[in-house]
Structure formats: structure tokens, C-alpha cells
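Q: The opening position of the sequence shown corresponds to residue 89 in this note's numbering, with each subsequent residue numbered one higher.
If you're looking for bench data, these hints aren't it; they were derived computationally from the structure. Every residue gets a Cβ at the ideal spot worked out from N, C-alpha and C, and that includes glycine. Mixed in with the good hints, there may be bad ones.
Label-pair ranges, simulated between beta-carbon atoms [stated by the list, open to error]: (1) 334 to 262: 32 to 42 Å; (2) 440 to 365: 46 to 56 Å; (3) 454 to 142: 19 to 29 Å; (4) 424 to 325: 12 to 22 Å; (5) 417 to 250: 53 to 63 Å; (6) 454 to 232: 49 to 59 Å; (7) 226 to 255: 23 to 33 Å; (8) 179 to 421: 31 to 41 Å; (9) 440 to 409: 47 to 57 Å; (10) 151 to 336: 45 to 55 Å.
Pairs of lysine-lysine residues, derived as BS3-like cross-links and limited to a Cα-Cα distance of at most 30 Å, are as follows [unchecked claim]: (11) 334 to 320; (12) 241 to 230; (13) 165 to 462; (14) 420 to 372; (15) 387 to 305; (16) 195 to 169.
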Amino acid sequence: MHTTKKLRKNKLIWAVITLVGVLAIFSYLILYNGGVVLKKTTSTEAIDKLKNVQVKGGQFELTQKNIDELSSLYFAKPISKGNVTLTGVSIQIYNDEILIKAPITYKKLDLLLSSKGKIDFSNGEITYTADNFKIGKLTLPKKLVMSQILKLKNERIYVEDNLIKINPSIIPFKINSLKIKDNKILAVALTQGKKTSFADLNKMSEKEIDKQLASVKEKIQSATALMNAAEKAKAKEIQGIIEEVKGKSIEEKKKAISDTISELNEAINKTTDGAKKKELEKIKAEAKMVENAAAEKEKISQRQNQVRRGALIKAAEDLNGAYSQVETSKEKQIISTMQSTMDKMASDPSYNSSSEQAYVKSMYSALNAGSKNKVKYALASNVEGSNLQLLRDIFGV
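All chains should be modelled from the sequences, with the hints used to inform the complete structure.
A: And the structure:
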């Protein structure tokens, strides 16, 4: 009996030892962080490279140094969601593959997520084919990771057709090829057409309406051959209404077109001459077409202004982080001026910011190389990509 009890006791001890050993190994596998080093840099070489590509298009390459810089830039601050905090991302290029390491903190536990795989580009889409996913040294089932990404409903990184896809919009310009070769990311950017500003788009719309109104004016002039002296005087008055709004806003043109149609209606109702009435009806029909076109142009302009206003407001908010990041009074003055200008432009779509633009450019050009880099880095690490381009378009920084 004594021997049996002793045997049971030994079995229990070994079971506990085995369980503790398994837990220790499991903990080691999960908690292993591999001593990953997140490289921090304030270099703006990659930013300048991408800025030039955005303007000129063509072939370009990103080296490991560039990737380190961009990783440092886009993950400059920890990102938290619920109990999870992403402290940064390390991306290493190995021949034609990439190794991604992402240190996270989960409920005060330091963990390391990693994945190795290939990037491909086809049909305008960037895809990531993973060889593996790991937490520490523990390999995770691909289906599990895919399902978690799917749950995130993220517009930038998502799962489709059992592939992890990366929205090309994360790149501030369009590309038509991308691959990893010889420890570099090689890509070709499409040549970017010259962007038309919101103000220029509005001017183009105004000019188009002016052309159509000029046609109405010419037809009125042709119709004067059928008119008596009093009717000719009225026709001249209508032509004057059209001439007065040349080069003016769509809103002012709409008022002039409405007045023109009213005058034409009055003339049509007064005349008893069939040929004259028919000609005036034709002119009125053309004026109505111009009125409809002007109304449509105004709607488009309003939508454009609304989009622009949203971008300006968001860019101004993003500049709060940039202001906190720069150090000298001159650096802060540049960011502050940009921010106040964006606020004014958001409040008033017609606001003329030329003086502030000149001031920012002058202040920036007077900075030394180190301060210029700090400003560029602060902007790039705090302002979203599309809004960053908006800042460049306005201030040229």
C-alpha cells in the first residue's frame, strides 16, 4: 500500500513538472521578442525621393535605409486600440522577400508579432503572400490571422480572395509595377499630370459658361434683323446683362441668365410675328440650356469646395502634432502660420492666401538644413498623405 501511494505521489510530481515545463516552453515561445530594434531616424531622404517621384513619375527604388526611414516616420508614435499598443514596425528586406516585426504590448505583456512573405503587384492591386505568421516563436494558423484582418474592416489592409491586399492609395501617387529584388523595392510610378487647383477649376467652369452666354448673345444680335427699334433696344439691354457678368462668378451668371430668360419671355409674349417668335423661342431654349449647365457647374463647385474644406480642416488639425514636434521659434512660426491659413481657407473658400504662402516660403528658405529637415519630418509624420500633398500644393514646403 505504501509503495502504491509513493508511486502515485511521484506520478503527480512528474505531471506537475511536465505541466510547468510545457507552460514554460509555451510562455517562452509566445513571449520571445527576439531583441527587435526599431531604427529611429530624422532623415528626410526617402521623403524627398518620393516627393520627386510624385512630380516626375518613372522608375524608382527604395533601399533598406529608405524603408527604415519610412517605418520610423509612419510609426513615430505608438498606436493603441483597446488593450493592444503597437510600438513600432521593423521591415527588413531579404532578397525578394520581406520580414515584418511588430512589437506590441497587450495588457502590460510585451509581445512580438512577425511575418515573412512576398509582395506582388497586378491589376492595380498590391498583394502580400505570407509564408508564415508568428507571435514570438509560435507559428499562428494563416486562416486565424486572415479572419482577424477581415474583422478589422480596414480600408488600407484587407482580405480578399484569400489574399492580404494593400490599398494602393497608401502610396501618394499611382504606380504600374512593384517588386522586391536584390534587397530593394523596385517600382514604376505613372507620370503625374499637372493638378488643377480648386480655384482654377472654378475659373474653367466660369469660362465655359461665358462661352455659352456669348453664343446666346450672338444669336440675339442675329435676331435683331427681325426687330423694330424698340425691340432692338430691349435686345441690346439683354446683351448688356450678359456682358456685365463676363468673368464673374457662377452665382452672378445664374442671376443674369434668369433675367435674360425673363426678358425673352416678355418679348415672346408681346410679339405677334410668327418668325420672330420662333427665333426668340430658340434663343430662350439655348438660354435655358446654359442655365441648367450653370446650375450643374455650381453643384460641382459646391461639392469640390466641401471636399476641400474637409481636407483643410483635417490638415489644420494634423498640424497640432507637427507644431508640438518642432523646437525653435522659427520652426513653430512656420507651422503656426500654415495652420491659421488653413483655418481661414476652410472658413472662406475665396480667401486669398498668397501673402501667407510667400511668408511661409520665405521663412522656410531662411532655415538651416537641420531645421528644414525637422519641419519636413514633423509634417510628414503628423499629416495624412493626401493632406500633406495639399500643404505642398499651397505652401511648396
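Q: If a hint holds in the structure, say so; if it doesn't, say that too.
A: Hint check:
In this structure the supplied range 32 to 42 Å holds for residue 334 paired with residue 262, their Cβ-Cβ distance being about 38 Å. With their beta carbons about 47 Å apart, residue 440 and residue 365 fall inside the hinted range of 46 to 56 Å. Separated by about 25 Å at the C-beta atoms, residue 454 and residue 142 satisfy the suggested range of 19 to 29 Å. The hinted range of 12 to 22 Å is not satisfied by residue 424 and residue 325, whose Cβ atoms lie roughly 53 Å apart.
The beta-carbon spacing between residue 417 and residue 250, approximately 54 Å, falls within the hinted interval of 53 to 63 Å. The hint said 49 to 59 Å for the Cβ distance between residue 454 and residue 232, and at roughly 55 Å that hint holds. Between residue 226 and residue 255 the Cβ separation comes to about 29 Å, which falls inside the hinted range of 23 to 33 Å. As the Cβ distance of residue 179 to residue 421 is approximately 35 Å, the hint placing it in 31 to 41 Å holds.
Evaluation of the 47 to 57 Å hint for residue 440 and residue 409 yields a failure: the beta carbon distance comes to about 28 Å. A hinted range of 45 to 55 Å holds for the C-beta pair residue 151 and residue 336, which are about 53 Å apart. Simply put, residue 334 and residue 320 have alpha-carbon atoms about 21 Å apart, close enough for the 30 Å limit, and the pair holds. Using a Cα cut-off of 30 Å, the hinted pair residue 241 and residue 230 holds, with the two alpha carbons roughly 18 Å apart.
Restraint check for residue 165 and residue 462: the C-alpha separation of about 16 Å stays at or below 30 Å, so the hint holds. The hinted pair formed by residue 420 and residue 372 fails the criterion: a straight-line CA distance of about 58 Å is larger than 30 Å. Restraint check for residue 387 and residue 305: satisfied, since their Cα atoms lie roughly 25 Å apart, inside the 30 Å limit. Between residue 195 and residue 169 the CA atoms are separated by roughly 12 Å; this keeps the pair inside 30 Å, and the hint holds.
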